[in-house]
Structures are given as structure tokens and as C-alpha cells.
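Undergrad: Let the hints inform the model, and build the full structure from the sequences given.
These protein sequence lines are chains P and V, in that order. Take numbering that gives the first Met the number 0: the last position of the first sequence gets the number 311, and nothing is skipped along the way. Take numbering that gives the first Met the number 0: the last position of the second sequence gets the number 317, and nothing is skipped along the way.
Hints listed in this document are in silico derivations from the structure and should not be mistaken for laboratory results. A virtual CB, placed ideally from N, CA and C, is assigned to each residue, including glycine. Treat the hints with care, as some may be off.
Taking CB as the label site, the calculated pair distances span [to be verified]:
1. Thr279(V) <-> Ser103(P): 49 to 59 Å
2. Ala68(V) <-> His162(P): 54 to 64 Å
3. Thr20(V) <-> Ala41(P): 19 to 29 Å
4. Pro286(P) <-> Asn155(V): 55 to 65 Å
5. Asp79(V) <-> Thr130(P): 26 to 36 Å
6. Thr7(V) <-> Pro12(P): 31 to 41 Å
7. Gly49(P) <-> His65(V): 20 to 30 Å
8. Leu129(V) <-> Ser14(P): 35 to 45 Å
9. Pro11(P) <-> Glu118(V): 20 to 30 Å
10. Ala68(V) <-> Thr130(P): 24 to 34 Å
11. Ala68(V) <-> Ile245(P): 49 to 59 Å
12. Ser103(P) <-> His65(V): 19 to 29 Å
13. Glu175(V) <-> Thr130(P): 33 to 43 Å
14. Ile301(P) <-> Asn167(V): 40 to 50 Å
Here are the simulated DSBU-like cross-link-like pairs (lysine-lysine), alpha carbons at most 35 Å apart as the crow flies [claimed, not checked]:
15. Lys170(V) <-> Lys203(V)
16. Lys125(V) <-> Lys81(V)
17. Lys27(V) <-> Lys13(V)
18. Lys27(V) <-> Lys170(V)
19. Lys239(V) <-> Lys125(V)
20. Lys9(P) <-> Lys122(V)
21. Lys122(V) <-> Lys81(V)
22. Lys81(V) <-> Lys13(V)
23. Lys13(V) <-> Lys203(V)
24. Lys13(V) <-> Lys125(V)
25. Lys81(V) <-> Lys308(P)
26. Lys125(V) <-> Lys308(P)
27. Lys125(V) <-> Lys170(V)
28. Lys27(V) <-> Lys9(P)
29. Lys27(V) <-> Lys203(V)
30. Lys170(V) <-> Lys239(V)
31. Lys81(V) <-> Lys9(P)
32. Lys9(P) <-> Lys170(V)
33. Lys9(P) <-> Lys125(V)
34. Lys122(V) <-> Lys170(V)
35. Lys203(V) <-> Lys81(V)
36. Lys203(V) <-> Lys308(P)
37. Lys308(P) <-> Lys13(V)
38. Lys81(V) <-> Lys170(V)
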Amino acid sequence: MTSPGAQLSKLPPASGRAGLRGAIASEFTKIRSVRSTYWTLAALLIVSIGIGIAICAGTAANMTNNPGNKAGFDATQASLGAFFEIGQLIIAVLGAMVITSEYSTGMIRTSLTAMPRRGVVYAAKAIVFTTVTLIVSLVTSFVAFFVGQALLSSHGVAASLFHTVTIPANANVHCTGGGPGRGPQGCTATFFGTDVIHPSAVLVAVIGTALFVTIVAIISFGVGAIVRHTAGTISIVIATLFIIPILEQALPDNWRWDIMRFLPDAANQVVSVTVGPGNMHLWSAWPQLGVTALWAAVLLTIGAYLFRKRDA
Amino acid sequence: MIEVRGLTKRYGAKTAVDGLTFGIEPGKVTGFLGPNGAGKTTTMRCILGLDYADEGTITVDGQQYHDMAYPMREVGALLDAKAVHGGRSAYNHLLCLAQTNGLPRRRVDEVLELVGLSEVARKRSKGFSLGMSQRLGIAGTMLGDPQVLMFDEPVNGLDPEGILWIRNLMKALAAEGRTVFVSSHLMSEMEYTADHLIVIGRGKLIADCSMSEFISRSSGASVRVRTPSAQDLVTAVTAKGGVAGIDTEGDGAVEVRGMTAEAVGDIAFEQGLRLHELTTIRASLEEAFMELTASSVEYRAAVPGAGVTAGTTIGSGV
Numbered sequence: 000m001t002s003p004g005a006q007l008s009k010l011p012p013a014s015g016r017a018g019l020r021g022a023i024a025s026e027f028t029k030i031r032s033v034r035s036t037y038w039t040l041a042a043l044l045i046v047s048i049g050i051g052i053a054i055c056a057g058t059a060a061n062m063t064n065n066p067g068n069k070a071g072f073d074a075t076q077a078s079l080g081a082f083f084e085i086g087q088l089i090i091a092v093l094g095a096m097v098i099t100s101e102y103s104t105g106m107i108r109t110s111l112t113a114m115p116r117r118g119v120v121y122a123a124k125a126i127v128f129t130t131v132t133l134i135v136s137l138v139t140s141f142v143a144f145f146v147g148q149a150l151l152s153s154h155g156v157a158a159s160l161f162h163t164v165t166i167p168a169n170a171n172v173h174c175t176g177g178g179p180g181r182g183p184q185g186c187t188a189t190f191f192g193t194d195v196i197h198p199s200a201v202l203v204a205v206i207g208t209a210l211f212v213t214i215v216a217i218i219s220f221g222v223g224a225i226v227r228h229t230a231g232t233i234s235i236v237i238a239t240l241f242i243i244p245i246l247e248q249a250l251p252d253n254w255r256w257d258i259m260r261f262l263p264d265a266a267n268q269v270v271s272v273t274v275g276p277g278n279m280h281l282w283s284a285w286p287q288l289g290v291t292a293l294w295a296a297v298l299l300t301i302g303a304y305l306f307r308k309r310d311a
Numbered sequence: 000m001i002e003v004r005g006l007t008k009r010y011g012a013k014t015a016v017d018g019l020t021f022g023i024e025p026g027k028v029t030g031f032l033g034p035n036g037a038g039k040t041t042t043m044r045c046i047l048g049l050d051y052a053d054e055g056t057i058t059v060d061g062q063q064y065h066d067m068a069y070p071m072r073e074v075g076a077l078l079d080a081k082a083v084h085g086g087r088s089a090y091n092h093l094l095c096l097a098q099t100n101g102l103p104r105r106r107v108d109e110v111l112e113l114v115g116l117s118e119v120a121r122k123r124s125k126g127f128s129l130g131m132s133q134r135l136g137i138a139g140t141m142l143g144d145p146q147v148l149m150f151d152e153p154v155n156g157l158d159p160e161g162i163l164w165i166r167n168l169m170k171a172l173a174a175e176g177r178t179v180f181v182s183s184h185l186m187s188e189m190e191y192t193a194d195h196l197i198v199i200g201r202g203k204l205i206a207d208c209s210m211s212e213f214i215s216r217s218s219g220a221s222v223r224v225r226t227p228s229a230q231d232l233v234t235a236v237t238a239k240g241g242v243a244g245i246d247t248e249g250d251g252a253v254e255v256r257g258m259t260a261e262a263v264g265d266i267a268f269e270q271g272l273r274l275h276e277l278t279t280i281r282a283s284l285e286e287a288f289m290e291l292t293a294s295s296v297e298y299r300a301a302v303p304g305a306g307v308t309a310g311t312t313i314g315s316g317v
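TA: What follows is the structure, encoded as C-alpha cells:
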């Protein structure tokens, strides 16, 4: 064999030290070069926006027959519901895989050989994943919102980011027809009272939902760093976000909410609400998002500690 | 230059590496030998900081691995060719490694060319054969043009062409003055490539010597001599302290132990004995290695018929 070194061009002289900048470039290459990223993000967009469309279109059709449903209708929440309920699950899968796939494929050994300063690798991974997720979540949230409002606009209940919208708060509904021999059912409604939807509340809902989904993704990433196993991570995250809150329902009402508001998923009950007082038992959108973010921060930190401390 | 001092690594109650000390010098291929489970991979993982040593210190060119400014410029290591994300193309795999150390993008094309994978650079590596994966792994080690290279069982499962390619590559890298540290559980593999040997068993050092030293040390080395005056030669060699015997069952050649071919030739010359053949018979290194590590093999399968030990009389072969 001819001299291998002679076949390679001379490297430019090195100065400084390999650090976060290179690690971020590397992690971005990693996340953009595997299909699972595109599959998950496409699923996030399609499912969140698609189901959002289905819900809003269905609601709009329903309002034609039952105009009373317009009373107190939260069009923002209707358009974002699919995103924060199902979207968070999909993004949790990506959050888990970004880190657990390093272990399932063995790539972690190659990654940490190239860059042995593990804190840098972990930080770069978290930064890149969070950034990608936040951008995609914001896009999803805004698109789902605008498409949903377009479908509801003919009924005058669509919320807006640019001006205040006033909708009826209550309705007395009178229905005729329906049933055998009585012709097709038709309802009329007389409305009283008004709800005012402020654009600022709508903006908080749209951005807050994107933030909530992003923070859930970080929770999944943190659990992934702790568990190092894809299926295990996803199971734990689903249990935390969906099953524990269901079990909580069994607790006595007088102190149930004292626990509920400290759970990571509580934010999704308030963050997208723009009509009415919302859930009186919970804090408002920002403090509840803060609770979710605190969970994410704790899990991310434990993950970082273990990522550095354990044998790879 | 790799220096390992008093390395101990335990996994729970099991001690994988036990007080290991050795040094690996540049400019030659150093073979790292031991049976499966002897602690070779663990040692290499500790050198790279993938596993944390419980005791001992490890430096590469005087630095700890995680302190190196640009680790890929100092050390290129391939522990497991399959330790890649199979969904990523060869090019992107190498690119994400190069980026961590700020290495230029064109470098990726160069190393792909070097290992002959340019054609499949954009293909996902999950479809690669083991040989191609090894080449991809080796391409990764060369990204930073490092002075120290480490390979863990690089020829395992390769076809003869792949084995030859890796052997030649390792020799060429050493010839350029680089430190080449390569592990194997097969002595026969090392025989063709290694200049120096580190032999371990059950996490402990068994031998640290040059290949030629290992060969001469091995008990089976002998000199085969064919001569019309066999009996005279036996007498002369025995007088000089050698051990000689005539192979009466074969072609009547004399087998001399404990003496080099040169010494036997000199004796024959002094005695005026005519020689028709004078050959050094190297004991199979595989046998020497097995003998050396016999007591340290961790998992031994019961092989039917092979468990008959000396002293047991079965049949009438005598």
C-alpha cells in the first residue's frame, strides 16, 4: 500500500479547542441526515394541522344546524387542540429518539470518541433539538390556528391575532322538527351576554401551545438521556403526560388540584384557553408553562449528569 | 505513544482489567492479544474515556484523552465498525464527526477516496457489508490525520481481501511513524502485522515483548537439520548444550532445540559435517499463544474429545 498519509491533503493548522460551535454543527448534521427526523416532523405537521382542520370543519358544519353552539365557543382552542394533545406525543417520540438512537445504534461510542467532552456533546444535542422543535412547533401552531379560523370565519366566531372579536356568551336554544313525521330538525338560538377575545390572549395561546409542545419534547429528551432506551423513554413520557393525570381524577376534589397544578401536563388545560375564565383551579398560562419547564429543566439536568458520569 | 499505568476497571463485582501497565510506541504495529473476555476492549474504551477507569492513569502523547484540544487530530480509533447510525449516509456520518473537530468538509471526500468508498458515499450505511463498514470506520479514524491509531478486532469477519487490505494499511501507517495499536484474539492474525505484542489474560498483563522475542521464547522453536552424519551431529550439539534427537520415523532428520540455526551450522562446520538442510522451525505462534493464555481463558467450551489430558490412558496409542 502506498503511504496513506500521502493521499491526504495537509490539514490547516489547528488553533483553540474543539468546542460547542463544532458540536452544534455536528448535531445539526446528525438530525438533518436521518429519515426519522423528517417522518416525525411531517407527522407532527400533518396530524396537528389535519386533525385541527377536521375539528374546525366539523364544528362549523355543526353550527349551521345548532347555532347555539356559537355561544362561548373558543375557536383558538378548537384549532390548536389536536396539536397539543397529539402533537406532544409525536414530538416526544422524536425527543426520545434524538438521544436514544445514539445508544441503540452504538453511535454514541463514535460520537464521544470524536468529542470526548461530554457536556459539550449533550448541550449541543439539546440546543439543536430544541431549536428545530421550537421552529417546527411555531410553524405548526400558527398554520393550525390560521387554517382553523378560516374554516370558522363564516360563523363569526373565528378568533384573530389582529383585532378584538366579540362572540355571544350564552344562548337559549329552540329546536323544532327531528324524529319521525316531524320533518328535518332545525334549531334557532337567541343569544345574550358577550365574551370578548383579545388578540393578546390569542397570541399567548398560539405561542404558548408551541412552547408547551417544545417543553414536552425536552422532557422526553431528558428522560431519554436517563433511560437510554427508546421504547422505555416513550412509555415513561406517555405515562407521565396521560396516565397519571387520569389517575389523579380519582383523588378527592378538595385537594386534587393542589397536586394537578404541579404536573407537567397541567399547562395544556389553560395555555390555549382564550374564552371565559379558564380552569379556576390552575394558575394562568405562563405560570403553568413555568411548571412544565421546571420539569424539563430538572430532567434535562439529571440526564446531563448521568450522560457525563456513566460509562458510554 | 500510549501510556497505561495501573489501569483497573471493574463492572460491579467483576474486574475486567486488573492493574494493567504498558506503553505503546510509535513507528510500529503493536498487537494487543488476549482471549475473548480478556479485557482488550475495556482497556481501549478506558483509553478513549468511553469507560471511566477505577484506578490508574492513561495518557496519549502525555495528555489525557478528554483534555485534547482536537482529539481527532491526535487519535483515530475504531472500536466497532457497526457503531454508526445505519440511516445516515457514509458522507454525512463522516461529516458529523469532522465537524466536531472543526475539520474541513473536503476532508470527508479525501478519506472516502482513501478507503475506496467514494462510490457509495451517499448511500445509507445500513446496507453496507461488514467490509464496507470497516472501511467507513477506518475513514473516520483518518479524518484528523492522527499520529495514534487504535483498532479493536479490525479483521473480524472480513473476507481475505479485506483482511489483506487492513494488514497493509496498518503496516503502512506504522511505516509513516504513527503509533498503531490493534487488538485481536487470534495470534495468527498478529503474526503477519505486529512488530510488538501486548498479551493479556483475565485483565492482567501476560507478556509485553517484541514479536521476535515472543517467537524465540515460545517453547516449540527448533532447528531441523538433514545430514548424512546424523549421529555425529547429535553428539556434537549435545556436547555444546543443545538438545538433539533423530526423527527415526520420518526422513531421519535431526531436530535441535535450545539452539539457533546459526549455532547449529557453526558446530557442523567446526566438525566438518556435511549438511543438506538447515531450517528454523517456528512453533505455531497460535499454539504458543494458547499455551501462554491457557490458564486465563474465561469461557471454555467443553469440546468432545479435546478434554483428554496427558496421563489419561485411553486406547493403546503408545
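Undergrad: Which earlier hints turn out false for this structure, listed by number in ascending order?
TA: 3, 7, 19, 30
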